[in-house]
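Asker: Okay, here's what each chain looks like letter by letter:
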Amino acid sequence: MAITTQNPTPPTAAKHAGANVTRPGDKIFSGLSRGSGILLLVVMASIAIFLTIRAINAISKDHGNFLTTFEWNANANPPVFGIAVLAYGTIVSSIIAMAIAVPIAVGIALFISHYAPRRLASPLSYIVDLLAAVPSIIYGLWGALFLVPHLTGLNMWLDEYLGWTVVFEKEDPQGAARSIFTVGILLAIMILPIITNVSREVFRQVPRMHEEAALALGATRWETIRMSVLPFARSGIISASMLGLGRALGETMAVATVLSAAPILSVHVLDPVGGTFSQNIVAKFGEANEFGRDALIASGLVLFVITLLVNGAARAIIAKRKEYSGANA
Amino acid sequence: MSHAVADKRSAPAVPQRALAQRRLPKWAPAGMAAGAIALAVGIGIGAGLDSKLQWGLIAVLLFVLGTYTIATAVEGRRQAKDRVATSVVWASFILAALPLYSLIQTTVSKGVKILDGAFLSHSMNGVLTIGEGGGVYHAIIGTLEQVGIATAIAAPIGMLTAVYLVEYGKGRLALAVTFFVDVMTGIPSIVAGLFILSTWNLLLGFGPSGFAGAMALAILMMPVVVRSTEEMLKLVPNELREASLALGVPKWRTIVKVVIPTAIGGITTGVMLAVARIAGESAPIALLVFGNNLINNDPFNGPQASLPFYIFQQYQNGNDASYDRAWAAALVLIAFVMILNLMARGIARWKAPKTGR
Amino acid sequence: MAKRIDVSGLSAYYGGFRAIDDISMNIEPRTVTAFIGPSGCGKSTFLRTLNRMHEVTPGGRVEGKVLLDDENLYGPGVDPVSVRRTVGMVFQRPNPFPTMSVYDNVAAGLKLNGVKKKSDLDTIVEKSLRGANLWNEVKDRLNKPGSGLSGGQQQRLCIARAIAVEPQVLLMDEPCSALDPISTLAIEDLIGELKERFTIVIVTHNMQQAARVSDRTAFFNLSAVGQPGKLIEIDDTERIFSNPSVQATEDYISGRFG
Numbered sequence: 001m002a003i004t005t006q007n008p009t010p011p012t013a014a015k016h017a018g019a020n021v022t023r024p025g026d027k028i029f030s031g032l033s034r035g036s037g038i039l040l041l042v043v044m045a046s047i048a049i050f051l052t053i054r055a056i057n058a059i060s061k062d063h064g065n066f067l068t069t070f071e072w073n074a075n076a077n078p079p080v081f082g083i084a085v086l087a088y089g090t091i092v093s094s095i096i097a098m099a100i101a102v103p104i105a106v107g108i109a110l111f112i113s114h115y116a117p118r119r120l121a122s123p124l125s126y127i128v129d130l131l132a133a134v135p136s137i138i139y140g141l142w143g144a145l146f147l148v149p150h151l152t153g154l155n156m157w158l159d160e161y162l163g164w165t166v167v168f169e170k171e172d173p174q175g176a177a178r179s180i181f182t183v184g185i186l187l188a189i190m191i192l193p194i195i196t197n198v199s200r201e202v203f204r205q206v207p208r209m210h211e212e213a214a215l216a217l218g219a220t221r222w223e224t225i226r227m228s229v230l231p232f233a234r235s236g237i238i239s240a241s242m243l244g245l246g247r248a249l250g251e252t253m254a255v256a257t258v259l260s261a262a263p264i265l266s267v268h269v270l271d272p273v274g275g276t277f278s279q280n281i282v283a284k285f286g287e288a289n290e291f292g293r294d295a296l297i298a299s300g301l302v303l304f305v306i307t308l309l310v311n312g313a314a315r316a317i318i319a320k321r322k323e324y325s326g327a328n329a
Numbered sequence: 001m002s003h004a005v006a007d008k009r010s011a012p013a014v015p016q017r018a019l020a021q022r023r024l025p026k027w028a029p030a031g032m033a034a035g036a037i038a039l040a041v042g043i044g045i046g047a048g049l050d051s052k053l054q055w056g057l058i059a060v061l062l063f064v065l066g067t068y069t070i071a072t073a074v075e076g077r078r079q080a081k082d083r084v085a086t087s088v089v090w091a092s093f094i095l096a097a098l099p100l101y102s103l104i105q106t107t108v109s110k111g112v113k114i115l116d117g118a119f120l121s122h123s124m125n126g127v128l129t130i131g132e133g134g135g136v137y138h139a140i141i142g143t144l145e146q147v148g149i150a151t152a153i154a155a156p157i158g159m160l161t162a163v164y165l166v167e168y169g170k171g172r173l174a175l176a177v178t179f180f181v182d183v184m185t186g187i188p189s190i191v192a193g194l195f196i197l198s199t200w201n202l203l204l205g206f207g208p209s210g211f212a213g214a215m216a217l218a219i220l221m222m223p224v225v226v227r228s229t230e231e232m233l234k235l236v237p238n239e240l241r242e243a244s245l246a247l248g249v250p251k252w253r254t255i256v257k258v259v260i261p262t263a264i265g266g267i268t269t270g271v272m273l274a275v276a277r278i279a280g281e282s283a284p285i286a287l288l289v290f291g292n293n294l295i296n297n298d299p300f301n302g303p304q305a306s307l308p309f310y311i312f313q314q315y316q317n318g319n320d321a322s323y324d325r326a327w328a329a330a331l332v333l334i335a336f337v338m339i340l341n342l343m344a345r346g347i348a349r350w351k352a353p354k355t356g357r
Numbered sequence: 001m002a003k004r005i006d007v008s009g010l011s012a013y014y015g016g017f018r019a020i021d022d023i024s025m026n027i028e029p030r031t032v033t034a035f036i037g038p039s040g041c042g043k044s045t046f047l048r049t050l051n052r053m054h055e056v057t058p059g060g061r062v063e064g065k066v067l068l069d070d071e072n073l074y075g076p077g078v079d080p081v082s083v084r085r086t087v088g089m090v091f092q093r094p095n096p097f098p099t100m101s102v103y104d105n106v107a108a109g110l111k112l113n114g115v116k117k118k119s120d121l122d123t124i125v126e127k128s129l130r131g132a133n134l135w136n137e138v139k140d141r142l143n144k145p146g147s148g149l150s151g152g153q154q155q156r157l158c159i160a161r162a163i164a165v166e167p168q169v170l171l172m173d174e175p176c177s178a179l180d181p182i183s184t185l186a187i188e189d190l191i192g193e194l195k196e197r198f199t200i201v202i203v204t205h206n207m208q209q210a211a212r213v214s215d216r217t218a219f220f221n222l223s224a225v226g227q228p229g230k231l232i233e234i235d236d237t238e239r240i241f242s243n244p245s246v247q248a249t250e251d252y253i254s255g256r257f258g
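Residue numbers (full-length UniProt numbering), protein chains in the order written: chain F, 1 to 329; chain R, 1 to 357; chain S, 1 to 258.
If you are wondering where the hints come from, they were derived from the structure by calculation, not from laboratory data. One or more hints might be untrue.
Quick list of in silico lysine-lysine cross-link-like pairs, DSSO-like style, CA-CA up to 30 Å [said to hold, decoys possible]:
{"#": "1", "chain 1": "R", "residue 1": "Lys81", "chain 2": "S", "residue 2": "Lys117"}
{"#": "2", "chain 1": "R", "residue 1": "Lys170", "chain 2": "F", "residue 2": "Lys320"}
{"#": "3", "chain 1": "F", "residue 1": "Lys27", "chain 2": "R", "residue 2": "Lys81"}
{"#": "4", "chain 1": "F", "residue 1": "Lys27", "chain 2": "R", "residue 2": "Lys234"}
{"#": "5", "chain 1": "S", "residue 1": "Lys3", "chain 2": "S", "residue 2": "Lys111"}
{"#": "6", "chain 1": "R", "residue 1": "Lys26", "chain 2": "S", "residue 2": "Lys117"}
{"#": "7", "chain 1": "F", "residue 1": "Lys320", "chain 2": "R", "residue 2": "Lys26"}
{"#": "8", "chain 1": "R", "residue 1": "Lys81", "chain 2": "S", "residue 2": "Lys118"}
{"#": "9", "chain 1": "F", "residue 1": "Lys320", "chain 2": "S", "residue 2": "Lys144"}
{"#": "10", "chain 1": "S", "residue 1": "Lys116", "chain 2": "S", "residue 2": "Lys3"}
{"#": "11", "chain 1": "R", "residue 1": "Lys52", "chain 2": "F", "residue 2": "Lys27"}
{"#": "12", "chain 1": "S", "residue 1": "Lys139", "chain 2": "S", "residue 2": "Lys116"}
{"#": "13", "chain 1": "R", "residue 1": "Lys81", "chain 2": "S", "residue 2": "Lys111"}
{"#": "14", "chain 1": "S", "residue 1": "Lys111", "chain 2": "R", "residue 2": "Lys26"}
{"#": "15", "chain 1": "S", "residue 1": "Lys116", "chain 2": "R", "residue 2": "Lys81"}
Stretch by stretch, here's where chain F covers chain R in the computed footprint (C-beta under 8 Å, at least three residues) [stated by the list, open to error]:
{"#": "16", "region": "93-107"}
{"#": "17", "region": "162-173"}
Here are the simulated distance ranges between beta carbons [what the hints assert, rightly or not]:
{"#": "18", "chain 1": "S", "residue 1": "Glu193", "chain 2": "R", "residue 2": "Ala20", "range": "30 to 40 Å"}
{"#": "19", "chain 1": "R", "residue 1": "Leu342", "chain 2": "F", "residue 2": "Gly35", "range": "30 to 40 Å"}
{"#": "20", "chain 1": "R", "residue 1": "Tyr68", "chain 2": "S", "residue 2": "Lys118", "range": "25 to 35 Å"}
{"#": "21", "chain 1": "R", "residue 1": "Ala47", "chain 2": "F", "residue 2": "Glu171", "range": "22 to 32 Å"}
{"#": "22", "chain 1": "R", "residue 1": "Pro237", "chain 2": "S", "residue 2": "Arg61", "range": "43 to 53 Å"}
{"#": "23", "chain 1": "R", "residue 1": "Gly302", "chain 2": "F", "residue 2": "Ile95", "range": "38 to 48 Å"}
{"#": "24", "chain 1": "R", "residue 1": "Ala152", "chain 2": "F", "residue 2": "Leu162", "range": "52 to 62 Å"}
{"#": "25", "chain 1": "S", "residue 1": "Lys111", "chain 2": "F", "residue 2": "Val267", "range": "34 to 44 Å"}
{"#": "26", "chain 1": "F", "residue 1": "Ala48", "chain 2": "R", "residue 2": "Pro237", "range": "32 to 42 Å"}
Where a beta carbon is used, it is the ideal one built from N, C-alpha and C, also for glycine.
If we strip away everything but chain F, and leave its shape as in the complex, we get (with noise of 0.2 Å):
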């Protein structure tokens, strides 16, 4: 393998010194470390064709379709499966959770980067990034034992005042709220973190002297932030949206503890219906013969491409605002 000597990093003569000599000790490193991100590369190739062979298997074999069929009877003969009701789960659930999760994190955010006393603004960040850390399956531990009975008067009013909007009508009003909507509330308060501290950090990198700008005119607090924080921090606050989307999309033991699932897709969120990806696949495991694996596989692949894509766009619009970042230093 050739040494790379193209390296960007020290720009010395000694380099180039050492470009002539091919010590082994060099070869060795380079070709190592080399090695490990082609291992990365390979692995992350390999999760996409191993799933993907697995999915084409099973999805040749289904005699639902794939993509509309509610039900989930891969281990019956003829298997008969679909992502349907899963697909819509995902997303309404998720798209829940953002629109609960993004304008409080927002708001975190900037309570602790312009609002918050001096003295409370680190140990908020500590505390926030701490929050971060906690573990999935605790949120869905509290989700399923605390928040569940807890939103029962919450669906109750729903249903009664807000019923008419069809989404909010329940069917019974009185049962637990083992519902979509419960658990994007859930998703809501474990992505809040994340995209508070992205969005933190991005409103922190804001250059004091856009904000003097718009002070030494005559602004406000808020027309400030509106003026010179929010326009600077937008793809910031996307990006960030769509790293704590990802992790709401893919999310799976929060959603199997707090769901109560059943393969029907209904508008009413509050209702214990419905499914999403992930929780499929955790429900569905024990019981999956070999076929029923491969089918609960092919959901998967679905869901990484989701997740790829919702990634990639965040990290596509990290990347622009650097250059703009860059541009404006």
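Given the structure of chain F, go ahead and fit chains R and S onto it with the hints provided.
Answerer: Same frame as chain F, now just chains R and S:
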């Protein structure tokens, strides 16, 4: 200049503003908050709403609306908007703090109930799911082994990849690695589990084991290690590298002896944060390790328990004794993760590279 | 339009550190006053107390009085937002809003102050850009981002933005230090024109610039690092540069400053 003066006469006037403005007293926000809360409690009792959450929401709503109305009347629209923004920002902070506080508070208060030496030193061997007793010893063993193996796989690969990106990487390969490391950060844990399932278990025919789970965890851990190590290596000043290279030290020795030791504090922190993250993963464990009520010290053979998955299983048992165990295990897990986090940050502060930050 | 400024007994702090100590001076309307002095002597800090920007800095605090035509900027009930709207400011590094067009940059302050009619905005934007000697250079690219202009053009854009709201006083904090000599000259010419309409206070490191543009010059100094900055003297620029009454001023101006 003369035409500028002429312009000025025909130009529309910009509204001027007196320096002194009518302003609300300093205690106004606190006063309005108190008023809103009192009113909300009144409404809550009057209308017979029993959920405290609804009382809180009403209070927040009253506070924001009241602030806007009063501030508009006294100070004008612009100041009113400013005050509303301030109160919304404060409200969003409090709104978010409540569930997060409740999460910690519930876990701690319910977790300490049965958490004792016996809980930490016993497995679930011979314990009825509806009965009391049992513990998490086997799960702790499982988690430590799985996370340990995952770290042993992911940390070197991740660190070497970061070295490649910072010290050697250039051209398309480096770009591709950078991009896919980013993308890999976002892989759902269940997908990593499915990947190992499809290769290790279905293709190669191995059964469930701690090692299979560890491989999935390693996939989740790698990108995190790469990212944090990369950041730390980039902080090492170029002068250090140049000084070493100028002394005739080969590049690889420069990296091993100069660059990495300078950044080692930050790298350790990054690895520990990554460990903390995967220690709480349960989805891949469900697919690959299966969980076990007995102690299984061999991560390469047969199902093993793990802390996060233990919590899930106990929850699924659906009875009070199991719930107690779930909470106690949750407290153990949270303590483990938090200690790792605190230690990691301690190291970061202690070993911070002296680059004048 | 332009107002006079009377400062008496003004001290400014960063947390516990006193940056400037007990400064008093009078600034006449429609004049250019230059602040000179070594780095760290508090001249920029003092400038920022004149539109209450100092208190924006974390830990920033001010004691004393600043009268703007007999109204104390630090009096009870005075809204700092109104103060900054009345006393405009141009910063060391050009800081147009990066996400706004040239037009929107100039209109930003107007929109805040309730100018809504498109035709009014158009008139004032054009007038302000003409006033900043920038109109001819940007009239065809009003909708392009302001950050795409050259450094000197950006700084004149910031001046246009500041004068658009018709302030009484214009503060300039080393407005040319980030610019090349030709752009500097353009700004200096502009200052000469603007003083017919505004009271101008300019901080500068460049003594020739102070001599060229100002009517009066104030010299600030500090006795040692870590000590508060003080006003040494303020006088007609001509006198300061030919025959200052304090030895320290002469030492500084003639380059004999240690």
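Asker: Against each hint, give a clear statement of whether it holds in the structure.
Answerer: Results of checking the hints against the structure:
A hinted pair counts as satisfied when its Cα atoms are at most 30 Å apart, and lysine 81(R) with lysine 117(S) qualifies at roughly 21 Å. For the given pair, lysine 170(R) sits about 19 Å from lysine 320(F) by alpha-carbon distance, which is consistent with the 30 Å threshold. This hinted pair does not check out: lysine 27(F) and lysine 81(R) have alpha carbons roughly 64 Å apart, beyond 30 Å. A C-alpha spacing of about 22 Å is found between lysine 27(F) and lysine 234(R), which places the hinted pair at or below 30 Å, so the restraint holds.
Using a Cα cut-off of 30 Å, the hinted pair lysine 3(S) and lysine 111(S) holds, with the two alpha carbons roughly 24 Å apart. Of the pairs offered as hints, the one joining lysine 26(R) and lysine 117(S) is violated, with about 35 Å between alpha carbons and a cut-off of 30 Å exceeded. With a C-alpha separation of about 43 Å, the suggested pair lysine 320(F) and lysine 26(R) falls outside the 30 Å cut-off, and the hint is violated. Between lysine 81(R) and lysine 118(S) the alpha-carbon distance is near 23 Å, which keeps this suggested pair within the 30 Å criterion.
Restraint check: the Cα-Cα separation between lysine 320(F) and lysine 144(S) comes to about 19 Å, which is no more than 30 Å; the hinted pair holds. Taking the CA atoms of lysine 116(S) and lysine 3(S), the gap is about 27 Å. The hint holds against a cut of 30 Å. Pair hint lysine 52(R) plus lysine 27(F) does not hold up; C-alpha atoms about 67 Å apart against a cutoff of 30 Å. Taken as a hint, the lysine 139(S) and lysine 116(S) pair is honoured in the structure, with Cα atoms around 21 Å apart against an allowance of 30 Å.
For the given pair, lysine 81(R) sits about 15 Å from lysine 111(S) by alpha-carbon distance, which is consistent with the 30 Å threshold. This hinted pair checks out: lysine 111(S) and lysine 26(R) have alpha carbons roughly 28 Å apart, not beyond 30 Å. A distance of roughly 18 Å separates the Cα atoms of lysine 116(S) and lysine 81(R); the hinted pair therefore holds under the 30 Å criterion. Counting residues of the region 93-107 of chain R whose beta carbon lies closer than 8 Å to any beta carbon of chain F gives 9, which meets the minimum of three for the stated coverage.
Counting residues of the region 162-173 of chain R whose C-beta lies closer than 8 Å to any C-beta of chain F gives 10; at least three are required, and the coverage claim holds. Taking the beta carbon of each, glutamate 193(S) and alanine 20(R) are about 32 Å apart, inside 30 to 40 Å as hinted. A hinted range of 30 to 40 Å holds for the C-beta pair leucine 342(R) and glycine 35(F), which are about 35 Å apart. As the Cβ distance of tyrosine 68(R) to lysine 118(S) is approximately 28 Å, the hint placing it in 25 to 35 Å holds.
With their beta carbons about 25 Å apart, alanine 47(R) and glutamate 171(F) fall inside the hinted range of 22 to 32 Å. Evaluation of the 43 to 53 Å hint for proline 237(R) and arginine 61(S) yields a failure: the beta carbon distance comes to about 37 Å. Judged by the Cβ atoms, the range 38 to 48 Å given for glycine 302(R) and isoleucine 95(F) holds: they are separated by roughly 42 Å. At about 53 Å, the beta-carbon gap between alanine 152(R) and leucine 162(F) stays in the expected band of 52 to 62 Å.
For the hinted restraint 34 to 44 Å between lysine 111(S) and valine 267(F), the CB-CB distance of approximately 42 Å keeps it satisfied. For the hinted restraint 32 to 42 Å between alanine 48(F) and proline 237(R), the CB-CB distance of approximately 39 Å keeps it satisfied.
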